Structure formats: C-alpha cells, structure tokens
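As given, the protein sequences belong to chains A and B, one line each in that order. Residue numbers for the first sequence follow this note's numbering, so the first one is 1 and each next one is one higher. Residue numbers for the second sequence follow this note's numbering, so the first one is 1 and each next one is one higher.
One should not assume that every hint holds.
Claimed, not checked - Residues from chain A that face chain B, not an exhaustive set, calculated with beta carbons under 8 Å:
id: 1; residue: Ala6
id: 2; residue: Phe127
id: 3; residue: Leu143
id: 4; residue: Arg259
As the list claims (entries may be wrong) - Some chain A residues judged to face chain B by a derived CB distance under 10 Å, without partners named:
id: 5; residue: Leu62
id: 6; residue: Met65
id: 7; residue: Ser67
id: 8; residue: Tyr68
id: 9; residue: Thr218
id: 10; residue: Val227
id: 11; residue: Glu228
id: 12; residue: Pro267
Rather than coming from a laboratory, the hints here were simulated on the basis of the structure. As the structure is a prediction and not an experimental result, all values here were calculated from the model. C-beta atoms are modelled at their ideal positions from N, C-alpha and C, and glycine is treated no differently.
Listed below, chain by chain, are the residues.
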Amino acid sequence: MSTILAVLVDGVIYASWLFIIAAGLTIIYGVMRILNMAHGSLYALGAYAAASLAGAWLRAGLAPMASYAILVLSAVLVGVTVGPLIERGLLRYTYGRDEVVLVLVTYALFLIIEDSVKLVWGVESYFISEPYSLLGNVELGALSYPVYSGVLVLAAVAVGVALRYGIYGTRYGKLLIAVIHDREVSATLGINVNRIYLVTFTLGTTLAAIGGALTAPTVSVVPGMGVEVIVLAFAVVVIGGLGSMPGAALGALIVGLVRSAAVHFFPQVELFSIYVVMALVLAIRPRGLFVAAEARKI
Amino acid sequence: MTRFPRSLRRPVLISLFACSLAAPRGLARADEPKFRIGVVTFLSGAAAGPFGVPARNGAEVLVEAMNGGKVPAPYGKAGFGGRPVELVFVDEAGGTTKQVGEYRDLVQRQNVDAVVGYISSGDCLAVAPVAEELKKLTIFFDCGTPRIFEDASYRYVFRASSHAAMDNVAAAFYVADTLPNAKKIAGINQNYAWGQDSWADFESSMKVLRPGVEVTTSQMPKLLAGQYGAEISALMAGSPDVIHSSFWGGDLDAFVLQAVPRGALKKSTAVLTCGETATHKLAGQIPDGTIIGARGPHGAYAPDVELNRFFRSIYQDRFVLYPNYPAYHMSQAILGLKAAYEKAQGAGTAAPTQDQIIAAFEGLTFESPSGTIRMALGKGHQAVEPTVYGQAKTVDGKLTFVNVKHYPADKVNPPDGVKSADWIKAGFKAAK
C-alpha cells in the first residue's frame, strides 16, 4: 500500500513539474502553430535567472522566505524581456511559413540561447538549495517529502486554473480562441492578431521560465539542462494532443505516473517507459488524446 | 619593402647569438619545432564545470610550468626533453560521432604529435579504433570503462589513469571494512556504460565480500535526467544500509540536493565513487559519514610529495580552487607522455620517433602528483594506481575526511590479461 502511495505522490510531483513547462509549449503551439524548440533553453534561462537573483538575495542575508517570490519574479523578468524580444525581433518575420521552417528557426534560436547562456554565466554550476528545504518536510509512511514539492503541485494547479479561466472566462481569452480558429478571419474582424501573438509568446516564455525557476532549488543549474526537458515536454504534448491544454495536463499526469510506477516496480524499463506510452497513444489516436476535430479550409 | 640596413646586420646577428648562449638552460628552446598535443575535454555542457574545465586548467598550468622548466624532479627538463609543448584544445561535447570527426581533424589537418583526452567512456570506445587506423599516439586521461583494454588490444592507445573497476572494488572493500553490519545495498547509477559497469562491479564485489548481501533496488535513470524524486523514494522504501552511486557532474549535484532534505543520505550511508568533484561546491550539503571516492589518490587524498605540492600551488595560484581529480588525471596523462618521450630520447637531444615513444611508454613506471603510476595492464598500455576512500565530516563548516583508507594498486586491480568482472567473480584471486 505504501508503495502505491509513493507511486502516486512521486508521479503527481513529477507531473506538476512537467505540466508547468508543457503548458507554455502547448499555448504557443495552440495559438501560433509554432513548435518551439527553444522552449528548453527558455526554461534554462529561468533557472539561471532564479539562481543568480535568489542566490544574491540569500547571500545578502535577506529574508529567506522572500526567496520564493524572487524565484517567480526572476522567471517573470525573463518572460517579459526575452519573450517580446524573440517574438518581435525574429518570429514575426516567419509567420505564415511552413511549420517545419519554424521548427528550424526555433532550433537555431535554441542553439543561440544555449551559447549566450555560456557567455553570460560560463560553464560553472550554480546552486540555490535553501528554498527546497526551508519549508520543512512531511512524512508519508516511511518516506519523507519536502513541503516544497507540495508548493510545486499547487503552482501547477494554479497555472492550470489561471489558464483555463484566462482562455474561457475572459474577453481576451475569447479573442484568443478566435485567433486559434482562424487567424485571417480574426484579423478582418478587427482583432489585433499581432498583439495576441506577442502576449501569447510572452506568456509561454514566462511559463517555461517559471518551470526553470521552480526547478533551480532542486538541481545544479548547468549548461545543457534544457535539452532533456524539451524532449519530455514534447512527449507530454504529443500524448495530450498538440495545442490542447487539458491534453497537456493529462499527458503530464500519464507521463508522471507511468515513470513513477516504472521506477518503483520495474526500474530496468524506466528509460523507455514514457516512450512506450507515447507510441501506444499515437497508435490509437495519432493526433493525441485531446485534439478536437478541425474545420478544413477550402 | 624596407630593407634592413646592412651596417646593422652584423651587430644584430652577434647580439642574437650572444643572447642564445645566455638563455637559461632550463627554458624550452624556442627554435625547436613544438610538440603539439591535441587536448580533448568538455568545455561546454554539464560535464564542463566539474570535469572538463578543471582538466583543461590543469593541462594549461602544468604545460606552462613545464615549458618554463619549473616542474620538480624528475621532470626538470623544459618541455618534452627541451622541446616546447603546445596545446590545442578541443571541446568534447557533441557525442561520439562528432568526436571521431574532431579526432580526425586534429590528426590529419592540425597535425598534432599526440592526442590527450576524453572524459566520456563512450568517446574513448569510439576514438580508440580510429587512433589505431590513423596510427596516432593517443592517451586517454579520465574515461573509466574497463572495456577499452579488456575487450581489445591497441598499439597507439594508452590510458594513464586506472579504470573504473578499481573504484568500485575499492568502494566494496571500504564498505566491508568500515560498515560491518551492512546487509542491504542499493544503487543509483546512470544508464550507460559507465553507470552499468560501475554498479555491476560494486554489486559483484559486495556479493563476494559479504555473501548473502541483499540488493533492495538498482535504479538506472537516464544520463542528465535531473529529477530523482521517484528514485529517491524507491531507494528509501527498501531501507538499504548503503546506497552506491557513480553519478558525476550535474546529476551528482542534483541527486545530493534532492536526497539530503529527504533524509535519504542519513538513513543510509551513501558511497559516491566520484564524490570528490562535488565536495568543492556542495560541502555544506554532504552529510557526515558519506563515503567519498576520488577515482584514485587525488584531490584531498593526494600524497604529500613535492610534485603534488607544486601542482596544487600552480593551480591554486591561477584558479583559486584546488585541483579536483580530473585535473590530477590530466596531469598524469601529460607527465606520463613526458616521461615516455624523455625515456625514448635517452641521453641525446634528438627528438624520438612516435614508435620510440610508444616503446618507452609500454609498461612504464612514472611519477605524478598522485604518486607512482605503473602502466601494468593492457600489455603495458593501461595504468594502475593505488586508491583511497574516506568519510565526509564537516568540522567548523569545512568538509574534512575521516577513516581514510588506502588500497594498494594490486589489491583493487585485476592482474594483466584477466577481465575485471571475471576477477571479481573469482573472489579477487591473485589480489594481494
């Protein structure tokens, strides 16, 4: 019984981490039809910014509890500066082109950001471990979990609820849905599509950076940390269905629970367990679990 | 074009000749063609910070001192036998296919005289056959897989540090020596050649030394996975006495950072075979009692000899931190090559051929900052060295090592011609 509980808890924590990252990838694809290969390096940028700013805060001896706010602020700072810079400075020139071209453009961007990170932060590792242990632990049977992991789960739920409300409960969300459905018709109806794209990409970048910032206390922040994440985030959105937010949530939960079960019961198959699930889902539903039918343009 | 005035030619030539006579004999001769070494190590990616960059730094300061004739005995001759040494650095990041291409470029286009390199076992396995094909002297400095000289035989390839079997056999000896009540073991290692071989050697050694030992779980996460929440739960669930890990770099840091707050490394004693590289930055995180390895007598475990004092001082003068074990491994590779070169050169001053250097290197015994290194395995191409393990203890905020135990090379390395796995399973027969 305690093993089942551990599988569930570990799975949900991992899923929460993945969802925050995958949500940004999903919203960018859903609205802009860009499969953003640079998402992993934006996650890494968030982690570096958080390690630097929260690290400086803690080294200065300031209130440790405020370091959580610094983590989030660092991510927002990355989102509102780097997001518009990329969207206005590069991506807007590529709209309307084939999705494959945009994959290549964002891959180039990924390489540029990876090297820029090395130029700014070097190849040394950075640590800010205090926020991970500051809130203490909770005991679940024989296992002990940091309360910080619970904060991560709450953050994922908050991101999910905020996105759901933002898309379906606000005027701006309705405009977004219109743009998702048809960019050209939306523009002719007077919707400022360029602004929608700018806000969407900035939001997606911020979510990637929040993922990195909240991960920073649990890892050493090193060059290349975004590479592994992008592969996992793609697995999540492919399982859930490209562009579907409920799909990203379910995809993250499936990946988290499957990986956790593999680690506890069959550690030798953990390496490919996620990809077996992905292959099975794609065999049954080639476009993912949650992709709605699309009207075909004539 | 402006011509050099005829009236000045003679005085200038005489002055130059006089200067050449007055030049200190310890300095490398600038007119000699340089001995060019291609140095391949991680300069980017997760392995750069704790491994690749310290190794590059070690090569840089050592060769500078060497060219200036400042290295203590028996390496007093400047450069290699008076010939200046030049280093050509190449980034090891990018995978084996890229590295094979980079190796060909170093040999065929940049015409280096030798290659010293490789941290990744995968890169060593890929480059070794290419070195044979291109007939270029190549010294591996840090990669650990025993398969290189146990599964094949090479003429042009050497490795100047011990292979990983030593690390894990010695770790098992240390556990058997210091934790007499340990009955349950578990492992978390990366899922590729290094991690799999490391766990297999540790598990087999423990089963020989402690028949009946129970393995609660063997976790094999992907390299660079970064998130180990579920693995730590699985490790804790089995309540093992010992958790073995050959994790390195960012993975090791992340594992320690995630396991310590959950108490996993207090309930069980961790054996971190590459732990020394994490002690530089994670000193405050590593719990007392954690068993730390340095893949040989390196770093804090290095012997108090003149060469070590010299190497530490030139490294610290330039880079503030003290050198970690990859820097020591690099120093072994370069000093081994220097020793072989000068042995081949003999009493003369003429540059030896590559074949002469190879003949001198085979079976060579040479000094290093970590003590005496013997090229005793792989038909004289694979080094053996003693090794050391100790337990971390934080005193006044500073990490120290207690219960330090030294293991002679012959006790923790198989005899030549015997595969490590067979030697372990046979109960370390021939171990002294």
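Notebook entry, point to check: Do the numbers back the hint for Thr218 of chain A, that is, is its least Cβ distance to chain B under 10 Å?
Noted result: holds (5 Å)
Check: Taking the least C-beta to C-beta distance, is Val227 of chain A closer than 10 Å to chain B?
Finding: Status holds, d = 7 Å.
Next item on the list: Answer holds if the nearest beta-carbon of chain B is closer than 8 Å to that of Arg259 of chain A; otherwise answer violated.
Entry: holds (7 Å)
Next item on the list: Could you check if Phe127 of chain A really has its C-beta closer than 8 Å to a C-beta on chain B?
Entry: holds (7 Å)
Next item on the list: Identify whether the interface hint at Met65 of chain A stands, where standing means a beta carbon of chain B within less than 10 Å of its own.
Entry: violated (16 Å)
Checklist line | Ala6 of chain A as an interface hint toward chain B, with CB separation required under 8 Å | finding: Hint on Ala6 of chain A: holds, closest Cβ of chain B at ~5 Å, below 8 Å.
Note to self: Please check whether Pro267 of chain A passes as an interface residue: C-beta within 10 Å of a C-beta belonging to chain B.
What the structure shows: holds (5 Å)
Item checked: Given hint Glu228 of chain A near chain B, where the shortest CB pair must fall under 10 Å -> This interface hint holds because 5 Å falls under the 10 Å limit.
Check: Any CB of chain B closer than 10 Å to the CB of Tyr68 of chain A?
Finding: violated (15 Å)
Checklist line | Hint status (Cβ of Ser67 of chain A to nearest Cβ of chain B, threshold 10 Å) | finding: Since chain B brings no Cβ nearer than about 15 Å to Ser67 of chain A, farther than 10 Å, the hint is violated.
Checklist line | Supplied contact hint for Leu62 of chain A, tested at 10 Å Cβ to chain B | finding: Hint violated; Leu62 of chain A Cβ to chain B Cβ min 19 Å, cut 10 Å.
Checklist line | Residue hint Leu143 of chain A, partner chain B, criterion CB-CB below 8 Å | finding: holds (5 Å)
Checked against the numbered hints given earlier, this structure breaks hints 5, 6, 7, 8; the rest are met.
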